[in-house]
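Visitor: Per UniProt numbering, residue 1 is the first one in the sequence shown, and the count goes up by one each step.
No lab work stands behind these hints, which were simulated from the structure alone. All values reported here derive from a predicted model rather than from experimental measurement. Cβ coordinates follow ideal geometry from the N, Cα and C atoms, glycine included. Watch out, some of these pointers could steer you wrong.
[Said to hold, decoys possible] Derived Cβ-Cβ restraints for the label pairs, each shown as a range: (1) PRO72 to SER35: 26 to 32 Å; (2) VAL37 to HIS76: 16 to 22 Å; (3) PRO72 to LEU96: 17 to 23 Å; (4) ARG39 to PRO61: 31 to 37 Å.
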Amino acid sequence: MYHQVNAFSASDAASAPSRNPALSRNVELVSSRFSQVRRHRFSSGVEAMVTVTFRYHPALPVRRETLLVSLPRRIHSRPGALRNRLAGMALDLAVLMHRTDRGAALRPV
C-alpha cells in the first residue's frame with residue numbers, strides 16, 4: 001500500500017518533527033511515499049520504508065532517498081500526525097546523510 005503526500009504547506013511544516021530545525025530549514029519536501037508499514041507487536045512503535053523526494057533550491061534537481069524509519073506511536077495524536085512525523089524524520093535523515101556525503105562536519109546536537 002502506497003500513500004502519496006504532497007509538499008508540506010506552512011502549517012504542516014511547523015507540525016513536522018524536527019529535533020534540529022536547521023537540518024531541513026531550506027529544504028522543500030516535494031513528495032513522500034510509504035511502503036512496508038508495520039506496527040510493532042509488543043511496543044507502541046511503527047516502522048516504514050519512506051521514500052522522500054526533496055530539493056534544496058528550485059533551480060537544482062530533486063533528490064530521492066529511501067529510508068527505513070521507526071518512531072513511537074502516540075495514542076492521542078491527530079489523524080495524519082504519524083505520517084507527517086515519519087516523513088519529517090526521513091527528510092531530516094536524508095539531508096543529514098547528504099551533508100556527510102559531501103564531507104561536511106556534523107554539528108553537535
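Visitor: Confirm or reject each hint.
Guide: Structure-based check of all given hints:
PRO72 and SER35 have their C-beta atoms about 20 Å apart, which leaves the hinted 26 to 32 Å range violated. One distance hint, 16 to 22 Å for the beta-carbon pair VAL37 and HIS76, holds here, with the actual separation near 20 Å. Distance hint check: the CB atoms of PRO72 and LEU96 are about 20 Å apart, consistent with the given range 17 to 23 Å. Distance hint check: the CB atoms of ARG39 and PRO61 are about 35 Å apart, consistent with the given range 31 to 37 Å.
In summary, the structure is inconsistent with hint 1 from the numbered list given earlier, while agreeing with all the others.
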